[in-house]
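A.B. asks: Following the hints, position chain F against chain L.
Those protein sequence lines, which keep their order, are chains L and F.
Residue numbering for the first sequence follows our numbering, beginning at 46 and increasing consecutively.
Residue numbering for the second sequence follows our numbering, beginning at 58 and increasing consecutively.
Quick caveat, the hints were computed from the structure, so don't treat them as lab data.
Each hint should be verified, as a subset may be incorrect.
PhoX-like cross-link-like pairs, simulated, lysine-lysine; straight-line CA separation at most 20 Å [said to hold, decoys possible]:
id	chain 1	residue 1	chain 2	residue 2
1	F	130	F	60
2	L	102	F	160
3	F	60	F	127
4	F	60	L	102
5	F	60	F	160
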Amino acid sequence: DAGITQSPRYKITETGRQVTLMCHQTWSHSYMFWYRQDLGHGLRLIYYSAAADITDKGEVPDGYVVSRSKTENFPLTLESATRSQTSVYFCASSLGRGRFYEQYFGPGTRLTVT
Amino acid sequence: AQKITQTQPGMFVQEKEAVTLDCTYDTSDQSYGLFWYKQPSSGEMIFLIYQGSYDEQNATEGRYSLNFQKARKSANLVISASQLGDSAMYFCAMREGPGTASKLTFGTGTRLQVTL
Numbered sequence: 046d047a048g049i050t051q052s053p054r055y056k057i058t059e060t061g062r063q064v065t066l067m068c069h070q071t072w073s074h075s076y077m078f079w080y081r082q083d084l085g086h087g088l089r090l091i092y093y094s095a096a097a098d099i100t101d102k103g104e105v106p107d108g109y110v111v112s113r114s115k116t117e118n119f120p121l122t123l124e125s126a127t128r129s130q131t132s133v134y135f136c137a138s139s140l141g142r143g144r145f146y147e148q149y150f151g152p153g154t155r156l157t158v159t
Numbered sequence: 058a059q060k061i062t063q064t065q066p067g068m069f070v071q072e073k074e075a076v077t078l079d080c081t082y083d084t085s086d087q088s089y090g091l092f093w094y095k096q097p098s099s100g101e102m103i104f105l106i107y108q109g110s111y112d113e114q115n116a117t118e119g120r121y122s123l124n125f126q127k128a129r130k131s132a133n134l135v136i137s138a139s140q141l142g143d144s145a146m147y148f149c150a151m152r153e154g155p156g157t158a159s160k161l162t163f164g165t166g167t168r169l170q171v172t173l
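Looking at chain L on its own, in the form it has when it is part of the complex (with noise of 0.2 Å):
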């Protein structure tokens, strides 16, 4: 049962360069969200995605394009990488229904752009 898997796990980028962060999830659930985490920030969302084909904006969506066009993939795009998206990248999905709704994380890509 492999999960929600992102890659790469860490990525050196410089500034202007585009980069793709990937996210694969075998569970089928609906929902599927992209998150940054910054110290004194927590966890701020950026993107997220009903369905395939769906997806909206989160708290901090400028710079950042996604895409579904699979319900297990939801990969992230910085179109042109800027110091100020360094941060540490959590994919997440969900069932999107049932009690909890509960959020299931992959282990995080770690960007730095220099």
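C.D. replies: Just chain F, lined up with the frame of chain L:
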């Protein structure tokens, strides 16, 4: 206004003692859910406990319990009999509304250090 406030950046507790991590929230929704997650130094986010706004009893999961005071809008996490492995960051989070778009808003976290 912050939707989730965790006022304790860091806490120390001795092994085998109980500790309370504070969380207050702000919402105008009648239906909402409150979560606690643990993030050890390895970085993964681990779900600990959940409390629904309509739950009359405080949630418990093993050594974790949630002290839910709806009128005060607080949802404090209580860890009983602390263990060295409890040393980690702890995040309180809230899901607002009854809808299925289960977006979470997180607090800034509390770093707990368990000492001998």
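A.B. asks: So which of the earlier hints does this model not fit?
C.D. replies: none
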